[in-house]
Amino acid sequence: MAKYPNDLRIMFKHNALPFHKRAMPAAIASMAAHKQGKFWEYHDKLFANMKALEDADLEKYAGEIGLNVAKWKKDISSPKIKANIQKDMALAGKVNARGTPNSFINGRNLRGAVPYEQFDALVKEELAKAKTKCAGMSGDKCYSTKIIANGKTFEPLDSKVNEFSAKGLPFLGAKNGDIVISEFSDFQ
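If you want my numbering, it's the position in the sequence shown, counting the first as 1, plus 1267.
Just to be clear, a hint being listed does not mean it is correct.
To be verified - Under the rule of at most 25 Å between Cα atoms (straight-line distance), these lysine-lysine pairs were calculated in the BS3-like manner: (1) Lys1347 / Lys1434; (2) Lys1302 / Lys1338; (3) Lys1341 / Lys1288; (4) Lys1400 / Lys1270; (5) Lys1442 / Lys1305; (6) Lys1327 / Lys1338; (7) Lys1434 / Lys1338; (8) Lys1434 / Lys1302; (9) Lys1349 / Lys1318; (10) Lys1288 / Lys1302; (11) Lys1302 / Lys1442; (12) Lys1327 / Lys1302; (13) Lys1434 / Lys1354; (14) Lys1349 / Lys1305; (15) Lys1442 / Lys1400; (16) Lys1341 / Lys1302; (17) Lys1349 / Lys1288; (18) Lys1347 / Lys1288; (19) Lys1434 / Lys1305; (20) Lys1340 / Lys1305; (21) Lys1288 / Lys1318; (22) Lys1327 / Lys1288; (23) Lys1302 / Lys1340; (24) Lys1434 / Lys1341; (25) Lys1396 / Lys1270; (26) Lys1347 / Lys1302; (27) Lys1270 / Lys1305; (28) Lys1361 / Lys1349; (29) Lys1305 / Lys1327; (30) Lys1270 / Lys1442; (31) Lys1305 / Lys1318; (32) Lys1327 / Lys1349.
It should be emphasised that the hints constitute simulated quantities derived from the structure, not laboratory data.
Take the sequences, apply the hints, and build the full model.
Structure below.
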């Protein structure tokens, strides 16, 4: 983020893998934190404590980052939160994001944890293309009209470009960045 503060937007999408027993409770807890504007603080706390994700731990973390714990406890029971996470998971299946992490950089699929240099090279490549194609446009407008609509294809990473909605999702970075990274992940 520090390297591309005005060009990059990272969207988090949940892919709580079923064989990660605490992934769904952690995902629900993180979205309850999001309702109070603290998704990323909670996200960081969960990744720092991946081996301690029991219900008591999740509640403790809510207090540690300054959430209204009573509201958070109410929100973790919300069927809407779980339904939204399940929508993310269904979308992950549709775009063949089977594992975590699975990132899409302007729709280009980058599977698994890759070295920073490989990730950054793809961001630089996409940024150069976006700057050329989208001079004078907002990032959102560019992404939908020039990047996706032009049927851009990529080899060898993936032959399909995927577009993801950011509505209601936690994101970091420029609201209208030229580069959109959609990451499917879980906390285990």
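So, going through the hints one by one against the coordinates:
1. Pair hint Lys1347 plus Lys1434 holds up; C-alpha atoms about 14 Å apart against a cutoff of 25 Å.
2. The straight-line distance between the Cα atoms of Lys1302 and Lys1338 is roughly 9 Å, inside the 25 Å bound, and the hint therefore holds.
3. The suggested pairing of Lys1341 with Lys1288 holds, with an alpha-carbon distance near 22 Å, which does not exceed 25 Å.
4. Our distance criterion of 25 Å between C-alpha atoms is met by Lys1400 and Lys1270, whose separation comes to about 21 Å.
5. Our distance criterion of 25 Å between C-alpha atoms is met by Lys1442 and Lys1305, whose separation comes to about 17 Å.
6. A C-alpha spacing of about 14 Å is found between Lys1327 and Lys1338, which places the hinted pair at or below 25 Å, so the restraint holds.
7. Pair hint Lys1434 plus Lys1338 holds up; C-alpha atoms about 22 Å apart against a cutoff of 25 Å.
8. A hinted pair counts as satisfied when its Cα atoms are at most 25 Å apart, and Lys1434 with Lys1302 qualifies at roughly 13 Å.
9. About 22 Å separates the Cα atoms of Lys1349 and Lys1318, which keeps this hinted pair within 25 Å; it holds.
10. As the CA atoms of Lys1288 and Lys1302 are separated by approximately 23 Å, the hinted pair is consistent with the 25 Å bound.
11. A hinted pair counts as satisfied when its Cα atoms are at most 25 Å apart, and Lys1302 with Lys1442 qualifies at roughly 18 Å.
12. Taking the CA atoms of Lys1327 and Lys1302, the gap is about 17 Å. The hint holds against a cut of 25 Å.
13. For the hint pairing Lys1434 with Lys1354, the CA-to-CA distance comes to about 13 Å; that is within 25 Å, so the pair holds.
14. Distance check on the hinted pair: Lys1349 and Lys1305 sit about 18 Å apart at the alpha-carbon level, within 25 Å; holds.
15. Under the criterion of a C-alpha separation no larger than 25 Å, the hint pairing Lys1442 with Lys1400 is consistent with the structure, at around 19 Å.
16. In summary, the hint linking Lys1341 to Lys1302 is supported, as the alpha carbons are separated by about 11 Å, within the 25 Å threshold.
17. For the hint linking Lys1349 to Lys1288, the alpha-carbon distance of about 15 Å falls within 25 Å, and the restraint holds.
18. For the suggested pair Lys1347 and Lys1288, the alpha carbons sit about 20 Å apart, so the restraint of at most 25 Å is met.
19. Of the supplied pair hints, the one linking Lys1434 and Lys1305 holds, its CA atoms being roughly 17 Å apart against a limit of 25 Å.
20. Pair hint Lys1340 plus Lys1305 holds up; C-alpha atoms about 15 Å apart against a cutoff of 25 Å.
21. Annotation: proposed proximity of Lys1288 to Lys1318 holds, straight-line Cα distance about 11 Å (limit 25 Å).
22. A distance of roughly 19 Å separates the Cα atoms of Lys1327 and Lys1288; the hinted pair therefore holds under the 25 Å criterion.
23. Among the hinted pairs, Lys1302 with Lys1340 is consistent with the structure: their alpha-carbon atoms are about 12 Å apart, no more than 25 Å.
24. Under the criterion of a C-alpha separation no larger than 25 Å, the hint pairing Lys1434 with Lys1341 is consistent with the structure, at around 22 Å.
25. For the hint linking Lys1396 to Lys1270, the alpha-carbon distance of about 17 Å falls within 25 Å, and the restraint holds.
26. Proximity of Lys1347 to Lys1302 is assessed by CA-CA distance (about 12 Å); at most 25 Å being required, the pair is judged to hold.
27. Note on Lys1270 and Lys1305: the hinted pairing holds, with a Cα-Cα distance of about 23 Å set against a maximum of 25 Å.
28. Using a Cα cut-off of 25 Å, the hinted pair Lys1361 and Lys1349 holds, with the two alpha carbons roughly 18 Å apart.
29. Between Lys1305 and Lys1327, the direct Cα distance comes to roughly 15 Å. Compliance with the 25 Å bound is thereby established for this hinted pair.
30. About 16 Å separates the Cα atoms of Lys1270 and Lys1442, which keeps this hinted pair within 25 Å; it holds.
31. For the proposed pair Lys1305 and Lys1318, the alpha carbon gap of about 21 Å is at most 25 Å, so the pair holds.
32. Between Lys1327 and Lys1349 the CA atoms are separated by roughly 21 Å; this keeps the pair inside 25 Å, and the hint holds.
Hint check: no violations occur; every hint is consistent with the structure.
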